[in-house]
Amino acid sequence: MSLLRGLLGMDLIGTWVRLFLSFREKLALLDSALLLDVPLGVISRIEKMGGATSRGENSYGLDITCKDMRNLRFALKQEGHSRRGMFEILTKYAFPLAHSLPIFAFLNEEKFNVDGWTVYNPVEEYRRQGLPNHHWRITFINKCYELCDTYPALLVVPYRASDDDLRRVATFRSRNRIPVLSWIHPENKTVIVRCSQPLVGMSGKRNKDDEKYLDVIRETNRQINKLTIYDARPSVNAVANKATGGGYESDDAYHNTELFFLDIHNIHVMRESLKKVKDIVYPNVEESHWLSSLESTHWLEHIKLVLTGAIQVADRVSSGKSSVVVHCSDGWDRTAQLTSLAMLMLDSFYRSIEGFEILVQKEWISFGHKFASRIGHGDKNHADADRSPIFLQFIDCVWQMSKQFPTAFEFNERFLITILDHLYSCRFGTFLYNCESMRERQKVTERTVSLWSLINSNKDKFKNPFYTKEINRVLYPVASMRHLELWVNYYIRWNPRIKQQQPNPVEQRYMELLALRDEYIKRLEELQLANSAKLCDPSASPSGPSQMMPHVQTHF
Amino acid sequence: MGKGARELRARACWAAFLALPTWVPLLQNVCLGPSDKNTRLCARTYIQDRLHLSRHRCYVLGECEVLKCRVDSCEQLLCEANTVLKCVQEDSCQRGIYGRLVCTDFKIAFLGDDESALDNDETQFKNKVIGENDITLHCVDQIYGVFDEKKKTLFGQLKKYPEKLIIHCKDLRVFHFCLRYTKEEEVKRIVSGIIHHTQSPKLLKRLFLFSYAAAAQNSTAADPKNHTVMFDTLKDWCWELERTKGNVKFKAVSINEGYRVCERLPAYFVVPTPLPEEDVSRFQGHGIPIWCWSCHNGCALLKMSALPKEQDDGILQVQKNFLDGIYKTIHRPPYEIVKTEDLSSNFLSLQEIQTAYSKFKQLFLIDNSTEFWDTDIKWFSLLESSSWLDIIRRCLKKAIEIAECLEAQNVNILLLEENASDLCCLISSLVQVMMDPHCRTRFGFQSLVQKEWIMGGHCFLDRCNHLRQSDKEEVPVFLLFLDCVWQLVHQHPPAFEFTETYLTVLSDSLYIPIFSTFFFNSPHQKDGNVGRESQDTQSKPLNLLTVWDWSVQFEPKAQTLLRNPLYVEKPKLDKGQRKGMHCKHQRQLSLPLTQSKSSPKRGFFREETDHLIKNLLGKRISKLINSSEELQDNFREFYESWHSKPTNYHGLLLPHIEGPEIKVWAQRYLRWIPEAQILGGGRVATMNKLLEMMEEVQCLQEKIEEKHHSQEALQAEATSLLRNSVRLSSLFPFALLQRHSSKPVLPTSGWKALGDEEDLAKREDEFVDLGDV
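So the sequence lines, in the order shown, correspond to chains W and H.
Numbering follows the numbering used here, with no gaps: position 150 of the first sequence is 150.
Numbering follows the numbering used here, with no gaps: position 614 of the second sequence is 1170.
Treat the hints with caution; some may be incorrect.
Claimed, not checked - Output of the computed footprint for chain W on chain H, the stretches with three or more beta carbons under 8 Å from beta carbons of chain W:
#1 895-905
#2 943-954
Unchecked claim - As a list, the in silico DSBU-like pairs of lysine-lysine whose alpha-carbon atoms are at most 35 Å apart:
#3 H:Lys1113 - W:Lys380
#4 H:Lys1245 - W:Lys459
#5 H:Lys953 - H:Lys791
#6 W:Lys278 - H:Lys917
#7 W:Lys380 - W:Lys469
#8 H:Lys1318 - W:Lys208
#9 H:Lys761 - W:Lys403
#10 W:Lys321 - H:Lys1245
#11 H:Lys1245 - W:Lys461
#12 W:Lys189 - H:Lys1219
#13 W:Lys403 - H:Lys1245
#14 H:Lys682 - W:Lys403
#15 H:Lys915 - W:Lys275
#16 W:Lys242 - H:Lys1318
#17 H:Lys915 - W:Lys278
#18 W:Lys469 - H:Lys1113
#19 H:Lys791 - W:Lys275
#20 W:Lys321 - W:Lys208
#21 W:Lys463 - H:Lys1201
#22 H:Lys1259 - W:Lys469
#23 H:Lys1028 - W:Lys469
#24 H:Lys934 - W:Lys403
#25 H:Lys1113 - W:Lys463
#26 H:Lys1219 - W:Lys461
#27 W:Lys469 - H:Lys761
#28 H:Lys934 - W:Lys275
#29 W:Lys242 - H:Lys915
#30 H:Lys716 - H:Lys761
#31 H:Lys1219 - W:Lys459
Claimed, not checked - Restraint ranges, calculated between C-beta atoms of paired labels, are given here:
#32 H:Pro830 - W:Lys278: 37 to 47 Å
#33 W:Glu47 - H:Glu1186: 31 to 41 Å
#34 W:Val239 - H:Lys1299: 28 to 38 Å
#35 H:Lys1299 - W:Asp252: 56 to 66 Å
Just so you know, the hints here were simulated from the structure itself, not pulled from any lab data.
All values derive from a computational prediction rather than experimental measurement.
Every residue, glycine too, gets a C-beta built ideally from N, C-alpha and C.
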């Protein structure tokens, strides 16, 4: 950031929660100090720049790359050799895992009046969906994570499939991630089932149990005698996966199924795409070639494909009246994106604040999206090929939807940004570790605070005033480039040249009106009381609230 | 072209000229071809015909027009065809409606056979003049025919007639008319008729405008609530001078009354006070600094048209001397520094604007769903390659630069252009919208358009190519201005009294030939043709409608959509002044920098005048006084300092011009594309909530007041007052609601090659050996 050039002071305040750096811009336009607030968890990489011999103020110091699109540069005075100490302290605390230190969430002693860990209770959530019913049962077969170590303890499977069946199916699915129910349509009872790819391999192996199992799933829906399978990958990749033992459900093995490929690319493509986004917004935002630069990042194109896939899933379930199976390779990246977005489109419950928390908790956290690997919490290996902004991409899709339907979501943009901020911050335990079994072993719920505690104890801040609850509304966003836009308030929020997040004037005006309405309603009630009192006691002094009444300053 | 139709045209022309009522015998001999039983048109009186047709609601000019023009109606049927199938796209499948396609001297209209289908459209936002299936002749952009599945542009005489007619409109609607079931004779007649009436060059006098005005004679009661200043009187200019406190240094002159001096200038205008009036006539108003607007600090925005280019050295010398004299006049205080901004050489060219827009509009004239999705993947690069958005950015940037000079540097600005009637209009009005909050009210904005564009002599007739005389002259300068204003409206919603819908319908009004506003090249041309001093003794002077009378197009209810509910009038401090107060900027831009650079005189006048003269004489000039770097720094500082502070909607207003901030005016450009519609979404959704809340609050307010007067207790619940909110389209109020069902639109196009990421794409998410292979 060009603004943060001249460094006057640098303190490490208090504990090592955060690095508080205060400084003043040398050629400050405003005589105010800029306060920087960077949770150490956000730091992806720390580098020294400039040597003792290099000249110029800017060339000697530290360069910090953050996971949230920020890059910070600190120019340091060469005298006093403060840099080395600072570098070491920062490295140590920003990457605690490499120094056998605990992640900050385990030390955080914040207290909230709500316990976010109680937000998601799988049994309650499935009960809300009307489960179990006579086609679907809840099983505890994975109680000790023996069937599948990356799945949650509690699973919903077809009533007609026995536990032994499940075990046999597990042998034929990558990492034992068997097809299990994610969501059931309240009316037509069609379902969204998620899993990983079948282990077909080069030889085109078949597994009778797996075939039978999918057939059992198909039969839970009597309206249509086909089961739809969505493979999130491009078909080329699905074919290529056979070489490593994976593959997809072929027609001849799986009768009565229809397979579609959704052409969503893998984690590496997404990571590179986001890198390119950073290149066009940092250090300067492209001006005249903005649009072609944006296009060349392919970021929105990926968003479009993910949304398109989710729309297809949702539409198939809702109007196609067919049950669907969704998988990619392992069923924890693209699959999570597709199922959760489709559920968001189909089920208005997930568009409320708590509903969304449950959705994330369920489809992402409990079903083993590898947050630790994808984000690299506390890990110094910034170039790790496992890192990828899959969850960010999901949140971006949600933002695109909320932009297209500004009255359909109970939460606001701040809610989404807060989630993303704490995806990296390591202040809460919510996004730590790769799967439920690991979290249980580390006693995350006992030893850390949940992000939902922070949010739910201060819900008003995250509420969208325009929210209109519409129970049975299916929400189909338009997955066209004409409507998708770069989330400027997130990706470019650190750039001082870009519009600051000013309070939205429409929202502000609406809030004013809301307040006014409440006041009027109160006054009306008072008047009603006064009038009835007056009827009894005519001597009551005539009050003149009409003079005091504030008028709406608009023509109607 | 059939004999009948030709004769009809001839008569229509005659009728228009003499402003006679279109009378029964006129059409008696004209047979318009075989019609079906219920529309026996032949040998019928025109009146009866109209009565019949008025049942089709969209045929005649709209219901109230029917009433007032029935006797001496002006609209004439030219040709028609039956059993035409209008193709409608619905949920990505084609559907058709049978009906008649007619072409009158006003519009092309499609009349569906199924009247009930037409009647049930409950759009609040109905245009009274132009129906959903009406295309005014001026609104037609391009006509295509489909021959054996191939689309070809249609023009001139046709040898073969198409099975399908595709009409692209200037308001970006696309109509598909299938002619497969239409009689061959009728196909010939309607296709050649439409091509002829929309594409062949016309005479000004033959514009529908005149026949309409003649017919609507007695009913021209001007809207009494219309406070738009028309700038056609000396008083209007004096008022504007007073409003902006420009009267200290400038005077309104009437030397051009009757256009004695110059036909390009309005009858009245404003010049620097010391300027001798006879100078104005020397070069027919060229080389004269003409006042546009004064800033609160006294700095003025001026414009000047260049002197004619001459080869003769003697004449050049005369011109030089003349300009020297002019600059000597404004050399003295109180004008101080005048900086010139040459818009013809250092800025956009009209050619660029034309090319950009013709590429840009093509992105929205979409024939079918496949085309929509095919272009979707390349959308951003297609947008960029049109450079329309970049042109908008450049205009906004130029306007900010000028605002900076006026506001922060206390410098007068003189805009220079060949005729001072294209980019001068654009930039000067844009600067005023940004700097003068009065121009952000509806009447203020309309007055601004009157002042800078109509009186400023912008050649609307040529720029819109209304007469189809030269495609080369067709440049959407005014639309560019509206798009720039839209960017401001979009970025600062509470700052404007009008909505984007207002801008959209204003842009549509460019092609409705019943308003005189946009159908002349200059006030001189207008007055000459409708003349207060009309030579024709038989006819009364024509009374033309102005577009600012919105009641002609919209019912009061629909008009509420033109008003921005977020706009809050500036609290009035003194009630003294009646007509539009001078709104001083509340925030005088507390810039810590450039304390009014009246500073180093820079020897401006001597050298600068020389440069200027060279420039005016059509020669190359060297760099301006300020080095461009310094300009850039000033600009950046001004721009960033403004944006770092909270916005005062009643003060100076600057747009963001960074890449992501310049957007496509979706309401105007995407409104007819069903695929682009978000049902129940878009900004409309929140605005609708806001309006509902306002209604509720107002109801409560009324109730409370009522309570004070009556003792009885009203039991009605506040919430019950809420109307049942309908799910509106994101393209409201324009969407044709072609998508009724809740089916999603699904992209049909595939993925574009990833290029250099191809090997990444082939990689496994995580490499693991899954055992036996």
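Contradicted hints - numbers only: 1, 3, 7, 9, 12, 19, 23, 27, 29, 32 and 35
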